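Asker: Listed below are the residues making up each chain.
Number of protein chains: 2
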Amino acid sequence: MADRPKRVEIHEEGPREGFQIEPGPISTAAKVEFIEALAETGLREVQSASFVDPRRVPGWADADEVARAIRRRPDVRYTCIWLNQRGLERAVATPLDIVGSIQLSASETFSLRNTNRDTSQTLAEQRKTLDFCKARGIAVTDAIVMTAFGCNYEGFISSERVRECVGVLLDLAAEYELQLSCVRLADTMGWANPTTVERIVGTVRERWPDLRLGLHLHDTRGTGMANALAGLQMGIDYFDSSCAGLGGCPFAGHQSAAGNICTEDLVYMCEEMGIETGIDLERLIECARMAERIVGHPLPGKLMHAGSLQPYRARNDS
Amino acid sequence: MADRPKRVEIHEEGPREGFQIEPGPISTAAKVEFIEALAETGLREVQSASFVDPRRVPGWADADEVARAIRRRPDVRYTCIWLNQRGLERAVATPLDIVGSIQLSASETFSLRNTNRDTSQTLAEQRKTLDFCKARGIAVTDAIVMTAFGCNYEGFISSERVRECVGVLLDLAAEYELQLSCVRLADTMGWANPTTVERIVGTVRERWPDLRLGLHLHDTRGTGMANALAGLQMGIDYFDSSCAGLGGCPFAGHQSAAGNICTEDLVYMCEEMGIETGIDLERLIECARMAERIVGHPLPGKLMHAGSLQPYRARNDS
Chain Z
30 MADRPKRVEI
40 HEEGPREGFQ
50 IEPGPISTAA
60 KVEFIEALAE
70 TGLREVQSAS
80 FVDPRRVPGW
90 ADADEVARAI
100 RRRPDVRYTC
110 IWLNQRGLER
120 AVATPLDIVG
130 SIQLSASETF
140 SLRNTNRDTS
150 QTLAEQRKTL
160 DFCKARGIAV
170 TDAIVMTAFG
180 CNYEGFISSE
190 RVRECVGVLL
200 DLAAEYELQL
210 SCVRLADTMG
220 WANPTTVERI
230 VGTVRERWPD
240 LRLGLHLHDT
250 RGTGMANALA
260 GLQMGIDYFD
270 SSCAGLGGCP
280 FAGHQSAAGN
290 ICTEDLVYMC
300 EEMGIETGID
310 LERLIECARM
320 AERIVGHPLP
330 GKLMHAGSLQ
340 PYRARNDS
Chain A
30 MADRPKRVEI
40 HEEGPREGFQ
50 IEPGPISTAA
60 KVEFIEALAE
70 TGLREVQSAS
80 FVDPRRVPGW
90 ADADEVARAI
100 RRRPDVRYTC
110 IWLNQRGLER
120 AVATPLDIVG
130 SIQLSASETF
140 SLRNTNRDTS
150 QTLAEQRKTL
160 DFCKARGIAV
170 TDAIVMTAFG
180 CNYEGFISSE
190 RVRECVGVLL
200 DLAAEYELQL
210 SCVRLADTMG
220 WANPTTVERI
230 VGTVRERWPD
240 LRLGLHLHDT
250 RGTGMANALA
260 GLQMGIDYFD
270 SSCAGLGGCP
280 FAGHQSAAGN
290 ICTEDLVYMC
300 EEMGIETGID
310 LERLIECARM
320 AERIVGHPLP
330 GKLMHAGSLQ
340 PYRARNDS
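So the sequence lines, in the order shown, correspond to chains Z and A.
Residue numbering for the first sequence follows the working numbering, beginning at 30 and increasing consecutively.
Residue numbering for the second sequence follows the working numbering, beginning at 30 and increasing consecutively.
Keep in mind that the hints were calculated from the coordinates and are not lab data.
Treat the hints with care, as some may be off.
Each pair may be met inside one copy or between any two copies, as identical chains are not told apart.
[To be verified] Below, simulated SDA-like cross-link-like pairs (lysine to any residue); rule was C-alpha separation at most 20 Å, straight line:
1) Lys35 to Arg228
2) Lys35 to Thr224
3) Lys35 to Gly307
4) Lys35 to Glu227
5) Lys157 to Gln208
6) Lys157 to Gly307
7) Lys35 to Pro124
8) Lys163 to Leu209
9) Lys35 to Gly116
Every value quoted in this text rests on a predicted model; they were computed, and no experiment measured them.
Could you put the whole structure together from the sequences, leaning on the hints where they help?
Answerer: If you want it as structure tokens, here you go:
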């Protein structure tokens, strides 16, 4: 318990996660309005677009337009994702903050099925991207271990395998002299539980005590917030999450739409526990309600429906 | 962490919680089918009806019919609730398991607004009920502190106040020579967070180290499962919960329908953490899906939509 951080950093992924799965259509203007509102909450990073094949992800066919329309705040990073060099070329042509990442899947089977590459082929591909980033002066500060807690193809992932993956990424970072801000462990398929969070974070922490670790958690099986708590108790101070739980869907049958943990629910929990987030919770709740209006159906976040405890506090103080 | 229990007991409240708020109509046969299916999962206690004024809670106007129609398993307790002596008279006329309880609200303002009685008036009323139970040979084994973590009228509740309430209930139990199975702390209004769970459970535990404590948690603000984890870490081995998250509703605007934590999500988390529940998770998931079919709209449970990890384990084992 002594490990709990005083402050956590939250990386907002709602716009990118959410709009890529919504049947839509959602207007470019609505996306921009939502991103701009998120940037007013105190969030320091908002993942704002996805540069992927518009035939595969029609929801982000307007990524370039969104990227150009955002009125930027100087203290916020507006990041984005891409899956290949073509996407990266599109991204760098926009005013977005291009942050490169190195990634490895702890499950090699997932890697093979998802990208048709094994670990060594993935590393070769990462080197190509790193060479490109180096040539273009693009900072690479993120490292991610995907399927770190389990995989629908391989089952549970051992902590030793995750430690091995982190080691490979750190070696690659050293080879390219990258200054990584954080290594994120991603529960890509929603397999984590509080015990595996403790075990895997503990194993990696033991090997690299000074390495900053982050968690990317999904609430696939209802344990997302409990996993976040387990992470906080292990000293994790960096989380990915999604406003309103965008990317998830409460409707039965949407099994693929598991959703990140919900940003405002996470901020609420942290703040109530005395852990600072630097985020204006009431403004963030308004963003979540805006998200629900934009997508036109209920979203999984809880706090936006119940409201925070702020009104009661204000009444008690008066 | 050493405090985690090896086994937890889960008290199912889904039928009673859920059917009282559903706009319905839901047939008596469907309610009975659901209760009977729950009783096949390994749950040892299913709250199966609510004997309250049918003008106020039309969803339970058929409580008597449901109670009589259930084909009972000998190893399951089919419990129920009532709010006054008239309700209790109806309940004892059915074959249900009548378990009396003593209850106190940590928030006196809530008590006054909810029942128009302060603490001493509540105690006088409890004595009347206890006299009635004694005369009728009804066992009183439950004790509940309501609004133990906060109240929309009074704000946060101090751990000292909760300890005081537990003391009053224990004195009452001693006066009537009751054998309490457990004292439950109820987060009636969804104010709890992991830190307050630790603080309040810790304060009560310190005073009565051997008293069995239970938690009745709501997922009003998204922290329900994290609160349950905090409880497990404090050694709590008794939880109330609701299959499929019945009683809650994912639709915006249903602010009053906060919902207990979801039974199968809790069972999943416990079992994945190596904590036994004695419950067949796959059967329980089928019950949750049945509940969704019965009410005709999505329910908040996550696991029933994603499925458990059992199919992957089975594949890996083969």
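Asker: Now tell me if each hint is right for this structure.
Answerer: Verification of the hints:
| no. | hint | result |
| --- | --- | --- |
| 1 | Lys35 to Arg228 | between (22 Å within a copy, 18 Å between copies) |
| 2 | Lys35 to Thr224 | between (22 Å within a copy, 14 Å between copies) |
| 3 | Lys35 to Gly307 | within (11 Å within a copy, 38 Å between copies) |
| 4 | Lys35 to Glu227 | both (19 Å within a copy, 18 Å between copies) |
| 5 | Lys157 to Gln208 | within (18 Å within a copy, 71 Å between copies) |
| 6 | Lys157 to Gly307 | neither (37 Å within a copy, 52 Å between copies) |
| 7 | Lys35 to Pro124 | neither (33 Å within a copy, 54 Å between copies) |
| 8 | Lys163 to Leu209 | within (14 Å within a copy, 69 Å between copies) |
| 9 | Lys35 to Gly116 | neither (37 Å within a copy, 50 Å between copies) |
The structure shown violates the earlier hints numbered 6, 7, 9.
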